[in-house]
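With chain B held as given, fit chain L onto it using these hints.
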Amino acid sequence: MAGTDSVGLLALSSTALERISLSAVRDAVQYFTPDLVTIPGPRDPVAYATVREAARNIPVLHPQLATDGRHVRHYRYTPETGVQETSGECPLHDTIDLLAVQHCSVLSALESQLSTGERRTGSDAGTFLIVPDLAVEWDTTALSTTLPHAEELAAISATLPEPVTVLAGGQPPTYAHEWQLVHNATPVRVPMAGLGATDSADSMVGHCSCTTHGKAVAMAVDCDQFGLKALNGVGEATADRLRGEGCRTKSDVRDLAVSELVGLPGVGRATAERIHAHADVISSGEPLVLTNKTPVKTRDDRPPLCLDIETDGLSPSIIWQFGVYDPATDSYQAFIETTHPRDPAPVLEAFIIWLLANHRDRTILTWNGHRFDYRYIRQFLHRFFPEYVAAWDDLWTYDLYKWAVRDGNALLPGRTNKLDHVARALGYEDASTGLTGAQTATAYQAFMRNPDDPETEPDWDRHRAYCEDDCRALWHVYEAITQANRRDVTDSGTGGADGQQAGLTDF
Amino acid sequence: MNDTPPTDTNSRIDLTGTDLVETFPRTGLTPDSPNVDIIELPAKPADTVPPTDVLRSSLAEPYPYDLFSHQAKALSALENGDNVAVTTSTSSGKTHIYGLQIARNLLEAGVLNDDGTRAADGNDASTALCVYPMKALTKDQHDALEALYDQLGLDIRVRIYDGDTTGDRRAIRERADVILTNFAGLNVYLEHHDKWSRFYSALDMVAIDESHTYTGIEGMHVAWILRRLQRVAGYWGGGPQYALTSATIGNPQEHSEELLNAPVTVVDQDGSPHGPRDIVLWNPPPRAQTRDETPDEYSLERESEDERAGDTDGTSTDDASEVAFVAERAPASVEAPKVFDHLTARDIRTLLFCPSRKLTELSVRRAAAHRRSNSRAYGRSSASEYEAYNAGLGRRTRHSRENQFKSGTLTGLATTSALELGIDIGTLDATVLMGYPGQRQAFWQRIGRAGREASRSLAVMVGDHRTLDQYVMSHPEYLLETDVEDAVVDISNNAVFATHLLCAADEIALDGKDIDTFAAEDRLRAAVTMWREAGFVDGYLDATVHYSGPGRPQTRVNLYGTTDTDYQLRLADGVDRERWELPEDLDLEPIDRNRAYRDYHEGAVRLQHGQQFEVVAVDDERPQPVIELEPVDCEYYTRSRSKVNVLDAQSERSRDVNGFTLHFGRGTVLVHHHAYDEMYVGNSEPKQRMIPTDTAPILMDTQLCWLEVPDDIEAALIRKYNEYGVETGVDPDQAQIAHLGYVAGLHAAEHATIQTAPLELRVDTNDLGGLATLVMDTHYAHPEYDEIADSVGDSFEAAMAALEQRTRQLGAKPSSGWFIYDGVDGGLGFARAIYENFEALAERARDQLRGCQCGQPNGCPACTFDENCGNDNKPLLRAAAIDVLEHLLGDADRDALESYLPDEYGGERRPRLYYS
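Taken in sequence, the protein lines are chains B and L. Those letters in the first sequence? Residues 1 to 507, by the numbering used here. Those letters in the second sequence? Residues 1 to 916, by the numbering used here.
No wet-lab data here; the hints were simulated from the structure. The beta carbon of each residue, even a glycine, is placed where N, CA and C say it ideally should be. Don't take each hint at face value.
[Stated by the list, open to error] Coverage of chain B stretches by chain L, computed from C-beta distances (three or more under 8 Å per stretch; other residues unrestricted): (1) 142-153; (2) 156-169; (3) 377-387; (4) 443-449.
[What the hints assert, rightly or not] Over the 10 Å line for every Cβ pair with chain L, so calculated as not near, a few chain B residues: (5) 56; (6) 57; (7) 72; (8) 176.
Pulled out of the complex, with its shape left as it was, chain B reads as follows:
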């Protein structure tokens, strides 16, 4: 993902690598197209060799292996050169530096290299410090946490003029926390993200975009989403058998005939067709609808309203933004609480009045709304405007995620079922707001803490654009599904003795 202003770092822990095949590692590398791959956690030569084999043209970083005294590895990125290893001399000002230590005990040596100028980093762009064995420790009996080597981390952070972000090998990829540390009696803020070598995240593949501003934007994908197991209906046993048949990639599976798949133990006709269809969907990037059901019903010909909400977290105390995209008029309407972050009522009331007054006969569409958007809208109405609950219940609401994924009506080409991944896999070009759902929640939280401080006031336009982008992405996915090829797998067995006419192999 060699973009203009960030380095893509793929983290494959050795436990994740044990769970997936070499071809799945290749698949992951191909999917993320990282600039650099790292293997956090314990020293593991086999894991290193596996990744080297799978990612031949990309630097692979496993400093734990060092036997030649190179306890610090230093990589540098500029848009012109990409990522290159360096010995740490004379950088340009705007290089993104990635420093990796062999283990925690090397941190103090690194600190002295940096403070004496023996090793130098670009001062105008973020520096990232990869510590493969760093993990936060906590003690529930004492109610306290310990960040091992906090002193050295604070010292390194204080020594360098540019923002320094720590990438901790032993924290899950979903981890993000800004530590308040102290160096020479001065407070130092040290942001930290995780690379995923933990018990709880041992099946996750982590990807981290390291930006020039020093931000680490992380995402995690289950390792079963790579290789043959990414195919709907393929588990460990079937994946092994497919490899036995010579299939290494999903394209290999697509090239098999369904009848060959049916020959495998434990694979029936319906499963075989589903596997084959999914291989085709992933390779082609085209969705496939498996039933003759439609995702939504409307009362007239008008398309559904696409709804998205923003909250202050996963157990919301406020829904502070309601965004509604109307494909019929190509217009977008947002309701945002910009003054009273502690009062969920006004923005909710504005939304429900507008919705009921203008669109009571329209169908509403969300992505995962039954578990989030609808659940909380209803919960908040129940608490603040119970008089509207019945009218809300009368609206026709649909959840495209539930219809496609949970109810199994469609196969989609994304590696995860997150809306932005699915939309991107379906060719949606997003508005590049650079935000994630978690970031919008965090930004609003900061606003809640200091509503009168202009410093913490969110950039409302950017947040509005983010929500609108999600609504439009949803419309894009909906359109792709309604225009997709359609095959009813469940009917296929009735087509005749060989089942081929009605089967998925026809196209």
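Okay, now just chain L, sitting in the frame of chain B:
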């Protein structure tokens, strides 16, 4: 349940305690025998109030009984808006208190019309939640409430919602007026509270039945689940009132308020009647100490042994004068079935309470053997009419036996505690208890099953040769004392709190409103900061704190442990359930690490639900450790050997008790359950000793209570008991250890204070441990030194070396005494309760040590021994322990010590000795 007139038509035979003793076929047994004690309790009339005084006429008129005074008082308090805790006897109509209050609420809210019909199909105005400790009781109470509402002509929807509920769960959430569940279920259901919005927004009554059972670990989880429930109900606008019903406990106010975090009105004046009742305390006949290496009649397993058990009876006599000292008696498991048989032979409807399922079945066989071998007394023709009753029997068998007993086809049931709580089996005349059930309230609960209204009843408790039983046998007044055990609930365990905090944040984001309502500010902030830094929550208390960890934190709550990595017990693969008659739902509670290492190491043989199981595998490499069990039938059980050390104890509170200093605080306990012995079931003699467990030592941060003996008493007692050696039970090669007599006294006093703790407190001695030592100070944290626990890892050797070094560093003469600690990471409040009640415990311990008839310097299982002792109950010295406790209680003459004091005491170099 309310009293109802007896429905069975069996002829009732009054049998007094004296009659029982006189008719029992044993030579020499008379009411004056030292082995029996008869307590006669007079009848107590009912104290009632007309229902019209308390209830609106639409309820009072159809209500077929007068209200007992305690019911009336509780209903008035509820009408005032108070939370109430009702602590009265079994079958005193406690269910009707909240049952009537619920009916009153529904009428007042207009859900019901005055004629009892529904005003509307829905109910958004008044709902109630009733929580029970076990599913069997939930079903029983469901039927009781339905019966009450039928009787009152009220159309109230009472529904059970728990793990067994099938069908339309949503309809229950959305339509029920009253929902019955348990705390394990509630813990999980709180997550999706939005689906319960109707129910919670109308919630105005929460009934917590048998609330005395929520103590220790389970009690603290329940306290936190109730705080979470309160947050959720408050969120939806519900403001429930609480009604707790409880057996009699010593501290109902404190216990209830700790559970609820709200003020409670206690109603404890029992207005229900009972007939005259005789309690017989029955000690089995003494027997000479045997050194038999083979299992004898004590065996639980062998039919032939049972026959022998029956046969021995004809020859046994009850002339205690032949044996001056009693160090051993026939076990209650052999004796109680005989009494049970005797009663049923005389057509007395009797329940025999047994500690295990296996014993219920064995008891029926032993009783039958007794009948056969005493055919002269009972007549040849009389057939035994009793059966076993336990949860392992399957529902159909259980129901059929309940009905057979109710109809009179069966005269006796040998049961586990399954029939202790209100399951309807009709009326009965007598109860026999196999051993003291551990708690006075359990004792009263069990014997309260017999006798209704004015009818006479009989209770026989057959004692075992154990500290608690023998204490009760020799101090029968203990049973009648009005202040019963305190129930201990402690919410200071941070690990448990931290887990529930994650659940609370997942249910509704935490914010400033939770300060001091959910937890005190400092504690709340510390926990939020910890979880945020660890990556499990987002946000800050001055905005909102959201759970952000792996899904469903509620599943991390383990009601039976303090951490989420407790050990699951499960059957090994391939176990033939049918062959072993194991029920499908064999319910094995998970256990914490300390118990797992102590009692469930590989090779351990343990009793679970009355069945012996051998541990065949322990897998603790995985995130959720698992212990695999196989049922076995073997002649031995196992007992582990432990080494214990206390590190860095830090006093938080202390007080002076007659010159002794008593402390409560926290510290680290290092325990190594390093080896185990195999012991014959029959005679508790070792089969094989010191088999290594191959487990690692455990470090626990926990709560401790400890006592320091004043220097002059120590110096005098060291000299007084200077001559003791092998008398303390140690092997001859250890008899020369300096100060052995004194430290053996401390060790015995430590055991006795732990063993008698259940006489005052609802504590489980399996969760307590102790350490007696001559060098207390070495085990303390010292500001000028680093904490030892930080540097020794889990190495026992490193800890010992560090303690040796610390002893040298400290130089000054340390004090002696003993520690008692909570054997659970984070602690569970037992040590704290012992700190607060230490004198009462010491008095019980002293009385028991002094009164024991064993005549052995080192004591016996009835006074100084502790079955969890890691040092094989060596060294122990009863006399020295009595002296220490007498001085502690201020009952000994300090001047009498003078003669033992050296001219100049103190400053001697002492050995580093300690015994756990």
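| field | Ascending list of hint numbers which this structure does not respect | value | When the structure is compared with the hints, numbers 2 and 8 turn out to be violated.
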